[in-house]
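Enquirer: One line per chain: the protein sequences are A and B, in this order. Residue numbering for the first sequence follows the numbering used here, starting at 1 and increasing by one per position. Residue numbering for the second sequence follows the numbering used here, starting at 1 and increasing by one per position.
Be aware that a few hints might be false.
[Stated by the list, open to error] Okay, the calculated beta carbon distance ranges per label pair:
1. A:F154 - B:V103: 52 to 58 Å
2. B:I182 - A:L128: 49 to 55 Å
3. B:D81 - A:F154: 17 to 23 Å
4. B:L62 - A:L206: 54 to 60 Å
5. B:T18 - A:R197: 29 to 35 Å
6. A:P66 - B:V72: 37 to 43 Å
7. B:A74 - A:L69: 26 to 32 Å
8. A:G185 - B:L51: 46 to 52 Å
9. A:A186 - B:V63: 40 to 46 Å
10. A:L125 - B:F27: 20 to 26 Å
11. B:D183 - A:F154: 47 to 53 Å
[Claimed, not checked] Not the full set, but computed from the structure, chain A residues with beta-carbon under 10 Å of chain B:
12. A26
13. L35
14. R58
15. S60
16. M83
17. V86
18. A93
19. F173
20. A189
21. F191
22. Q195
23. I196
[Said to hold, decoys possible] What the simulated footprint calls covered on chain B by chain A, stretch by stretch (three residues with Cβ under 8 Å from a Cβ of chain A suffice, anywhere in the stretch; the number is not a length):
24. 54-64
25. 76-86
Treat the hints as calculated values from the structure; they're not laboratory data. On a predicted model such as this, the values are computed, not experimentally measured, just so you know. Glycine included, every Cβ here is placed at the ideal spot set by N, Cα and C.
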Amino acid sequence: MLLKTKLKSSDKLSALQMLALCPALAVTTTLSRSLAISGALLVSLTLSAVLVSVLRKRISVKLRVPVYLLLSSFSVTMVYLIMRAVFPASVMALGIYLPVLAVSCVMIMRLETFSACNTPGPAALDGLITGAEFSVIMLGCGFIRELLGTGRLFADPFGQGGLKIFPAAPVSFLAQPAGALLLIGAGMAVFQYIQIRSEKKAAAELETV
Amino acid sequence: MKEKDRSNLGDTQQGWLTEEDINSPEFDPDEFAPAPSRNAAAGVPNMKNSLFLVILCAACALVLALTNVFTVFAAEKGEKDIRREAVLNLFPGCNRAELYDTVEDLPVYVVYYKGKLAGYAVFVTEDGYIGPIEMLVAFDTDNKVSQVKIVSQNESEGLGSKICKNKFLSQFAGMPDEDIEIDLISGATISSRAVKDGVERALKLELDFLTIAEELDVETITASEIEEDQKKDEETDDTTASETTKNPAVTTRPGDDTAFGGDNVGGNNANTGDGNNGSAQGEDNTTVYETETEEPEETTAEETTAETQTPQETTAVTTSPPVTTAPPVTTVPPETKPPEESTAPPEETTGPSDTTTSGEETTGGGWPGWGE
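Turn these sequences into a full structure, and let the hints steer you where they fit.
Expert: So, in structure tokens, the structure goes:
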């Protein structure tokens, strides 16, 4: 019951969740960079969600925010340290945007709204689902921006190499941060349209019943 | 006021619920009630909370420190490998790059050609229009800029990203000379000025090639000498190739032909090559190098006069470096040239030099994506 209510209530936050896509503007210029950042977020979000839900009874109301920040930065640093050893190129290319995930609002929000009042199992699941949603958006953004912004695909994190699909960049504007903003706006519009249409459908069904 | 604020803290959790949710019959207010505050008395320091935070911080720090200990070696190695490869791309033919020192936070790499110091390069990061631009400034033996390459940048596509083009970067060659003026790119003034500032910062370090060589206690080699040496290597390889067709007991290793010209093979050598490997190559090099003083005239004489004389002369050369002669393999590698080619002297002499220059051009292109 609780889980259902919470998930339902968080659905209505989709407009606010958009704020969590801030890193998308800077990072998703290529598919490989999007992959690196979304993988890092997926793992660190799950890890910090589990930690918070394990410690949820010990965290007093007063200490809430510092503890969430501590645990999220702990898990992000952990992922950063491991990624630095395994994928040094992507960490070098991402620069500051990987460690800065620690204060990503999607992270703090999920910790605050879900992990803080759930057992580790559902909390981990929630972290995975949220991370996957984030990854889908980031990867889509990276795919479109790389394909149309640079005319290439599968370049390395530094933006070099890759398959040449178009002879020149068709919409080179998309490779810039403003292009990402535009892309996310368009995506949100499509999302809202689908949501409103399904709501209208449900309302029509209710009326007929 | 303070107490009121505290009692409201739990409301932020309820804030996500709308009135609909709260009014619904399934809603249980107890579920969403904030946890009963253990420190209701305001102003009284709560040792329990402080202790909890301290212990949590200490535990996190400990785990992170342990992770760092286990990963830092691999991380540094990976970072260095990436940098090394970038450096080696700027020095055609060289096969080993090492971190020499970090001067004013700028990593300085030295490059070796067969164990001899061939040049050095500095990594500089400057703030561009959008983000940091990391560039690599390569210096030759005269302490002059030989090449500048952009390692990573995030400038506007089509405007600022033009700083990666050779047309702009080649202006920096020979930089400390007073009369060199850099044309900035129109539409990308800030980006191109950042590159210029970066190169000037690298120049301000005032590193000296000879003092570096002295400090490292190694011999030096200039770019033109490397070119000569490479040419010579290719010639010896050609002669051995023509010989192997006659007596198949001695063959050249197919990798050697490309090892001195190609970048990728050189990079691999650098990754695997430790001190022993480098010194061994250095010894090989000196043996070849000593014979070089008399050799060029002979080879030209041979090639212009007659082909029949070559075997006697070349065996003396080719058997001395153990690199070119591998343990007897009966199969002839497909790379070895057919003997007909060596009978045409004029093309043969120009041939190797052509290949070396073309090799330099491809390596000069550096990052494949940006060379247009």
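Enquirer: Decide, hint by hint, whether the structure agrees.
Expert: Status of each hint after checking the structure:
1. The supplied range of 52 to 58 Å is broken by A:F154 and B:V103, whose beta-carbon atoms lie about 37 Å from each other.
2. Range check, B:I182 to A:L128: Cβ separation about 52 Å, and the 49 to 55 Å hint holds.
3. At roughly 21 Å, the beta-carbon separation of B:D81 and A:F154 lies within the given 17 to 23 Å, and the hint holds.
4. Separation of B:L62 from A:L206 is about 57 Å and conforms to the stated range, judged on CB atoms against 54 to 60 Å.
5. Between B:T18 and A:R197 the CB atoms are about 22 Å apart, so this pair departs from the stated range of 29 to 35 Å.
6. For A:P66 and B:V72, the hinted distance range of 37 to 43 Å is not satisfied, since their beta carbons lie about 27 Å from each other.
7. B:A74 and A:L69 have their C-beta atoms about 28 Å apart, which keeps the hinted 26 to 32 Å range intact.
8. A hinted range of 46 to 52 Å for the beta carbons of A:G185 and B:L51 is consistent with their spacing of about 48 Å.
9. For the hinted restraint 40 to 46 Å between A:A186 and B:V63, the CB-CB distance of approximately 42 Å keeps it satisfied.
10. One distance hint, 20 to 26 Å for the beta-carbon pair A:L125 and B:F27, holds here, with the actual separation near 24 Å.
11. Our hint of 47 to 53 Å for B:D183 and A:F154 is violated, since their Cβ atoms are close to 34 Å apart.
12. Here the hint on A:A26 is kept, as its CB sits about 8 Å from the closest CB of chain B, short of 10 Å.
13. Given the 10 Å rule on beta carbons, the hint for A:L35 is violated: about 17 Å separates it from the nearest Cβ of chain B.
14. The beta carbon of A:R58 comes within 6 Å of a beta carbon in chain B, closer than 10 Å, and the hint placing it at the interface holds.
15. Because the smallest distance between the Cβ of A:S60 and any Cβ of chain B comes to about 6 Å, under 10 Å, the interface hint for this residue holds.
16. Taking 10 Å as the C-beta cut-off, the interface hint given for A:M83 holds, the closest approach to chain B being about 9 Å.
17. For the restraint placing A:V86 at the interface with chain B, the shortest Cβ-Cβ distance is roughly 8 Å, inside the 10 Å limit, so the hint holds.
18. Look at A:A93: its Cβ gets to within about 6 Å of chain B, closer than 10 Å, so that hint holds up.
19. Annotation: interface hint on A:F173 holds; nearest CB of chain B at approximately 8 Å, less than 10 Å.
20. Evaluation of the A:A189 hint against chain B yields a violated restraint, the C-beta minimum of about 24 Å exceeding 10 Å.
21. A cut of 10 Å between beta carbons decides the hint on A:F191: the least distance to chain B is about 20 Å, and the hint is violated.
22. Interface restraint check for A:Q195: the shortest CB-CB distance to chain B comes to about 16 Å, outside 10 Å, so the restraint is violated.
23. A hinted interface residue such as A:I196 counts as satisfied when its beta carbon comes closer than 10 Å to some beta carbon of chain B; here the least separation is about 18 Å, so the hint is violated.
24. Using a Cβ-Cβ cut-off of 8 Å, 5 residues of the stretch 54-64 of chain B lie near chain A, which meets the minimum of three, so the contact claim holds.
25. Counting residues of the stretch 76-86 of chain B whose CB falls under 8 Å from any CB of chain A gives 4; the rule of at least 3 is met.
The structure fails hints 1, 5, 6, 11, 13, 20, 21, 22, 23 (numbered hints given earlier, in ascending order).
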